[in-house]
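Student: Sequence:
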Amino acid sequence: MAENHYDTLEIHPTASQAEIKQAYRRLAKRFHPDTNRAVDGHERITRINAAYEVLSDPSQRQSYDQRLTYGNWARFQATENVANRQQRARVAQKNYQHRQTGRDSDEQLQRWLHQVYQPVNRMLGQILSPLQDQIDELAADPFDDELLEEFLIYLEDCRDYLQRAQQSFRSMPNPSNVAGVAAHLYYCLNQVGDGIDELERFTTSYDEHYLHTGQELFRIAYGLRREAQAAMKDIQ
Numbered sequence: 198m199a200e201n202h203y204d205t206l207e208i209h210p211t212a213s214q215a216e217i218k219q220a221y222r223r224l225a226k227r228f229h230p231d232t233n234r235a236v237d238g239h240e241r242i243t244r245i246n247a248a249y250e251v252l253s254d255p256s257q258r259q260s261y262d263q264r265l266t267y268g269n270w271a272r273f274q275a276t277e278n279v280a281n282r283q284q285r286a287r288v289a290q291k292n293y294q295h296r297q298t299g300r301d302s303d304e305q306l307q308r309w310l311h312q313v314y315q316p317v318n319r320m321l322g323q324i325l326s327p328l329q330d331q332i333d334e335l336a337a338d339p340f341d342d343e344l345l346e347e348f349l350i351y352l353e354d355c356r357d358y359l360q361r362a363q364q365s366f367r368s369m370p371n372p373s374n375v376a377g378v379a380a381h382l383y384y385c386l387n388q389v390g391d392g393i394d395e396l397e398r399f400t401t402s403y404d405e406h407y408l409h410t411g412q413e414l415f416r417i418a419y420g421l422r423r424e425a426q427a428a429m430k431d432i433q
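If you read the sequence shown in my numbering, its first letter stands for residue 198, the second for the next number, and so on.
Note that these hints are calculated values from the structure, not bench results.
Every value quoted in this text rests on a predicted model; they were computed, and no experiment measured them.
Any given hint could turn out to be false.
20 Å max Cα-Cα, derived DMTMM-like pairs, lysine to aspartate or glutamate [stated by the list, open to error]: (1) Lys-226 x Glu-207; (2) Lys-218 x Glu-250; (3) Lys-226 x Asp-262; (4) Lys-430 x Glu-413; (5) Lys-430 x Asp-303; (6) Lys-226 x Glu-240; (7) Lys-218 x Asp-254; (8) Lys-430 x Asp-341; (9) Lys-226 x Glu-216; (10) Lys-218 x Asp-204; (11) Lys-218 x Glu-207; (12) Lys-218 x Asp-262.
What follows is a set of in silico ranges between Cβ atoms, one per label pair, in the way DEER data are often shown [claimed, not checked]: (13) Gln-329 x His-406: 29 to 37 Å; (14) Gln-315 x Arg-416: 17 to 25 Å; (15) Asp-391 x Gln-315: 53 to 61 Å; (16) Asp-404 x Asp-303: 29 to 37 Å; (17) Asp-330 x Ala-376: 51 to 59 Å; (18) Ser-368 x Ser-402: 32 to 40 Å.
Quick reminder that beta carbons are idealized off the backbone N, C-alpha and C, glycines included.
The task is simple: from the sequences and hints, build the whole structure.
Tutor: Set out below in structure tokens:
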């Protein structure tokens, strides 16, 4: 409503008819043109007269009170609607952020799989899988220069694969949900590196202790790779 008559007469909405009349007389005297020549005084007395005309008549006052109550309720509803919309907006934003976080996590996992896990796993296989065949061929005659040369070429390839696998492993941080997989790969790479060192020592000393130690380190690395693969299946 444009004007609240109770506010105009400076009274409470529960005021009695006597209080309404008393308030009107007091304000009319204060803002009467003969005593208050200001422009706003003239406007004020007009509003005072209009308010008194409505509130002094019980039937008009009842109708006015109903409209006033409805107006207050409408404003309350409008405020509630705004609050509800704001709450729904906050919930929607929270849900969006949650979904976005989930999508970001999925994207990070996929990047890690393609950039780290898959190439590292593949290169570990290229190192570990041929070892037994290489050992078997060398066992025919460890002192044969040609066989030893082929074994050295295999170890050089292993060193190259290891370096590339380590670079891939360090190329990005692992997501938290694949920390176990990453740990298996990390220890696997370390075992492979130590195993290559032992096998290379064999080629210069012909001490079978180094050969057996290298094989054992590769065996441990193979197990760690299998554990990484199993853990990855649980995540996917």
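Student: Verify the proposed pairing of Lys-226 with Asp-262, using a straight-line Cα cut of 20 Å.
Tutor: With a Cα-Cα distance of about 26 Å, the restraint between Lys-226 and Asp-262 is violated, given a limit of 20 Å.
Student: If you draw a straight line from the CA of Lys-218 to the CA of Asp-254, is it 20 Å or shorter?
Tutor: 11 Å, holds
Student: Could you grab the alpha-carbon distance between Lys-430 and Glu-413 and see if it respects the 20 Å cut-off?
Tutor: 26 Å, violated
Student: So if I understand the rule, the pair passes when the alpha-carbon distance is 20 Å or less; does Lys-218 with Glu-250 pass?
Tutor: Holds, at roughly 10 Å.
Student: With the threshold set at 20 Å, check whether the alpha-carbon distance from Lys-226 to Glu-240 stays at or below it.
Tutor: 14 Å, holds
Student: With 29 to 37 Å as the target window, see if Gln-329 and His-406 comply at their CB atoms.
Tutor: 19 Å, violated
Student: Is the straight-line distance between the alpha-carbon of Lys-218 and that of Asp-204 20 Å or less?
Tutor: 14 Å, holds
Student: Is 53 to 61 Å a correct range for the gap between the Cβ atoms of Asp-391 and Gln-315?
Tutor: 24 Å, violated
Student: Given the hint that Lys-218 pairs with Asp-262, test it: the Cα-Cα distance must not exceed 20 Å.
Tutor: Measuring from Cα to Cα gives roughly 17 Å; hence the hint holds.
Student: With the threshold set at 20 Å, check whether the alpha-carbon distance from Lys-430 to Asp-341 stays at or below it.
Tutor: 44 Å, violated
Student: Taking the CB of Gln-315 and the CB of Arg-416, does the distance hold inside 17 to 25 Å?
Tutor: 23 Å, holds
Student: Taking the CB of Ser-368 and the CB of Ser-402, does the distance hold inside 32 to 40 Å?
Tutor: 36 Å, holds
Hints 3, 4, 8, 13, 15, 16, 17 from the earlier list are contradicted by this structure; the remaining hints agree with it.
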